[in-house]
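Residue numbers (my numbering), protein chains in the order written: chain A, 1 to 493; chain B, 1 to 98; chain C, 1 to 508.
Simulated from the structure, these hints should not be mistaken for lab results.
From a predicted model like this one, the values you see are computed outputs, not experimental measurements.
Treat the hints loosely; a few may be bogus.
[To be verified] In silico negatives: residues of chain A with every beta carbon more than 10 angstroms from chain B: (1) D146; (2) D198; (3) P250; (4) Q377; (5) K407; (6) A425; (7) D436.
[Said to hold, decoys possible] Just a few of them, taken from the derived set where beta-carbon distance is under 8 angstroms, the chain A residues facing chain B: (8) C25; (9) S26; (10) P39; (11) K54; (12) V131; (13) V145; (14) M355.
For every residue, glycine included, the Cβ atom is placed at its ideal position computed from N, Cα and C.
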Amino acid sequence: MNYETIIGLEVHAELLTASKLWCGCSTAFGNEPNTQVCPICLGLPGTLPVLNEKAVEYAVKAGLALGCRIAEWSRFDRKQYFYPDLPKAYQISQYDLPLCREGRVVITVDGLSREVGILRVHLEEEAGKLVHSGESLHGSEYSLVDYNRGGIPLIEIVTAPDLRSPEEARIFLERLRTVLRYIGVSDCKMEEGSLRCDANVNLRIKDEEGEYRTPIVEIKNLNSFRAVERALTYEVRRQVDEFMEKGRPPAGTDLSRTKVTAGWNEALGRTYVQRQKELADDYRYFPDPDLPPVVLSSEQVEKWRAELPELPEEKESRFRREYGLPAYDAAVLTASRAVADLFEETARLTGDAKMVSNWVMGEVFRLLKGAGDDLEQALRHCSITPAALAELLLFVKNERINANSGKEVLEEMYRTGKAATQIIAEKGLEQISGRDQLAGLVAEVIAAHPGVVEDIKNGKKAAIGFLVGQVMKATKGKANPKLVNELITQSLS
Amino acid sequence: MGAITRRQVEHVARLARLELTEEEIDLFTTQLGDILKWVDKLQELDTTDVEPTAHTIPLRNVMRKDEVKPSWPKEEILKNASDEHNGFFRVPRILEEE
Amino acid sequence: MKLCEMTAYELSAALAERRVSAVEVVKAVFERIDAWEEELRCYITLDREGALAAAREVDAERAKGAKGTKGAKEANSRPLAGIPVAVKDNLSTRGLPTTCGSRHLQHYIPPYDATVIEKIRAAGMIVIGKTNMDEFAMGSSTETSGFYPTRNPWDTARIPGGSSGGSAAAVAAGEAVLALGSDTGGSIRQPAAFCGVVGLKPTYGLVSRYGLGAYGSSFDQVGPLARDVRDTAMLLQVLAGYDPLDSTSIHREVPDYLAALGGDVRGLVVGLPQEYFSPGIDSGVRAAVLAAVKVLEEGGAIIKEVSLPHTEYALAAFYLIAPSECSSNLARFDGIRYGYRAAGAPDTVTMFCRSRAESFGPEVKRRIMLGTYALSSGYYDAYYLKAQRVRTLVKQDFDKAFAECQVLVTPTTPTTAFRLGEKINDPLAMYMTDICTIPVNMAALPAISVPCGLVGGLPVGLQLIAPVLQEELLLRTAYYYEQAAAPLSHCPKPEPKPEPKPSSEVSK
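Construct all of the structure, not just a fragment, from the sequences and the given hints.
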């Protein structure tokens, strides 16, 4: 049996505006329930929405960064459904006239470039948050509603069904996060829910009977990259197994309008069917009479385009060109804007890009990974700034401390937030590089090991290492090993 | 277009979250049918090249600055709730098929 | 003349000259309320203490102001300070119940004031109470109120019109001097006509909708009801103006409406849309309106027949768009954050369905059902979108008509006030009563209804319609007519008498 996996994603990203989409309430995360609420975002009778201009700017910038066409004429529609977290019982969203359409994102999978189509990016409002009395919605006696989050601006990004594997889906999502973070429109924290993903997946199966497409399953509310990949892997496997077991449905069965909504149980590692819909939901969209249309001039759009920072793709090729980095290194260093900035600024301060890239990709990453999967977040919350890192690396570069000490100092910097100079002084790690300081010690070691000196003179050059080791031991590792070697060779010749 | 069936009335009531009595369903089937028959006169008009009017006043780009304003005291927000619990609004069990 | 029967303009002068105090005026109004309210039921909520406290404050300020020129200037800039005003109960009033005429919101106390409420408070006006209305403004008789119907002060066996029936009746009866109403399809003008008062629906966007419980959001406008045109202009002055909280609010300098009242109608081109003088209009009403047209003509206006060919379609289109919008606007009443919640529902969906079903009346349910259907999958294009296209045609009709004339004159209503119970069980017949007012809302235009005589002892309304933002022209024309014709001596209306036998009247 031969099959192809077809995946499309719907991604929701909260925008980093200070205030909500329709009112002045704060968008800050994690406060007491129902303390960031006003009559407008509570949907009290008579209240009206007023559009936050920053949200429009951010949504359009996201569209531009994703290669979209920006609509000259756009408007807001009401998407109607009843749910306790939706105060007006409609979500103000965009239906047939979204702000952005027809973009594309290039991802690299196994060293090959793949293009993923973006169907649309639109602006809409976030719902409130439910807390269930039990462990989950299912089986809870009651639920509690907090409307703090209700009304935060969101963009919904819909991809074409261009993704061909769960891994591709994860890579795409990582890329999307990188881009949105580069342009500063969303912090994309999956763990706080500011980035969420629904995945649509089905299979195109080819066998002797011809081609068959399995019904599309939409997996809702995936809240980590790992969950996206695992859930899709599970679902693909499940659809294959189901086909193997049951084969095609009886002739005449119309599956084209069937869509199954599934949830993902992280603990059990499996998807479960939430509901089977015979027809699409009837959301009764219509233009919101409370909100006049948004009409964007090309000057405005071009102004926003000009404000976009260098995007990851451009930065990657510049790093290769400017710093002579290998393709892999350039890709890794530009996968996060914070990392790229750390690299580039540290490289400027030290004048040694190669050394900095080795240290960032090696030691710095090793430390950050201890703080979770999200390198960018870990980096933003630690004390390793370009200036601090450059200070340390200059010690190493100028051979004032050796590489092993350098690693020890970096770890200490990361842990305590102290500066390199301070740690080195406290630990007395600076190398002894004075010829005069070392000459006496070298003479002593030579005098104390006449046998070894004899061996060396007889051509056993490797034995020099032993003498160097003795000097290092005597200095508790602080001697500059290169200089010691040089002094011993000099004395014996 | 025109008339509406009893089943459609039940479906629409479900969409609108209205629990109707049997009598109400009967009554609305008749009354909505009459109203729909009456509004069908609109179909007489050829509107092929007529743009729909969603907003009667030609306003555009009405926006505000992204400025945080103080939210409202929690008591003001919760005081009209029929079931308040620890600063939350409480609702009965939520069924998954919603 | 009793204080409660004087116009705001007269009272304003008396207050400024300190011939009378705001407390006295407020007390006079409550005296009238105490005498007549039991019969008329204009109000849902009365705020006697709040009103008296506010009146005392106004008096105190005026006393302070009298000592210095600065205070006198302040009094001048607030001509309506101390004037009692009745507020339709779909306008949000902080700390005062705001029911929208619905059982659903019987216990709802808003934490905020509507923009127009802030404005009338800032103007020193005294809120007497919240007036009765058709539930969520859906109705043309105030009979769909979730509480009780209001009676027409001219004949208590008759309805006052709706949905701002309580506001119109209160002004007519001296239970308020001025009132705020809202007009989605005629809800200010129609009750004004039936109660023999003046009612103005402003251009859509002239007055803020912030704080107005939404019914048909693309039509809704707040506007003044008063005993004469001058009072109407004075109240409009307070209400009009840009509001950053309403995205559909028009950003523009507010003209001086009182100053616009002078002048005559010489050379004014007045259009008579033939569709509004059809056989469907009561002959007495038609005669009264044509007599009013004659007054304008004698004043030098040029009368011209014009045509609004899509008039008959406007009503049908309105009854698709407005219910569609209302089905959405009323979805928020789910019993969670405010409003009625059915007890003991086992799950949220059932709670929603019961809370709504148990607290909404039949007309509200009917319109929610109709609107939900018109927006639903498979019917959107045929109903909602078709109606939006027809709205364009209706608008174009007015554009063409206004290319030929400056002001349109029509009856406000096809008949005078009908009897309680006469149409309440026949939705279509009830909808037809708005035939003359609805097209105006479809096109966002301003219109005013002024009394133009009595037919069978009941008031008739003359409707003047102007192009967008031409309220000054509207007020000037209406004022000219009112001065020239003195169509009604205003208060006192015949003192309301108890209805003979209520049971015998409800025929259907």
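Do the hints match the structure? See the list:
1. D146: It is violated; A:D146 is separated from chain B by about 6 angstroms at its closest Cβ, not greater than 10 angstroms.
2. D198: The assertion about A:D198 holds, with a minimum of 16 angstroms to chain B.
3. P250: holds (26 angstroms)
4. Q377: Given a closest Cβ separation of 23 angstroms, the condition holds.
5. K407: holds (44 angstroms)
6. A425: Given that every Cβ of chain B is farther than 10 angstroms from that of A:A425, nearest at about 45 angstroms, it holds.
7. D436: holds (64 angstroms)
8. C25: holds (5 angstroms)
9. S26: Constraint on A:S26 satisfied, holds at 5 angstroms.
10. P39: holds (7 angstroms)
11. K54: This hint holds: A:K54 lies near chain B, its Cβ roughly 4 angstroms from the closest one there, short of 8 angstroms.
12. V131: Result: holds, 7 angstroms to nearest chain B Cβ.
13. V145: With a closest approach of 4 angstroms, the A:V145 hint holds.
14. M355: Where the cut-off is 8 angstroms and the nearest Cβ of chain B is about 42 angstroms from A:M355, the hint is violated.
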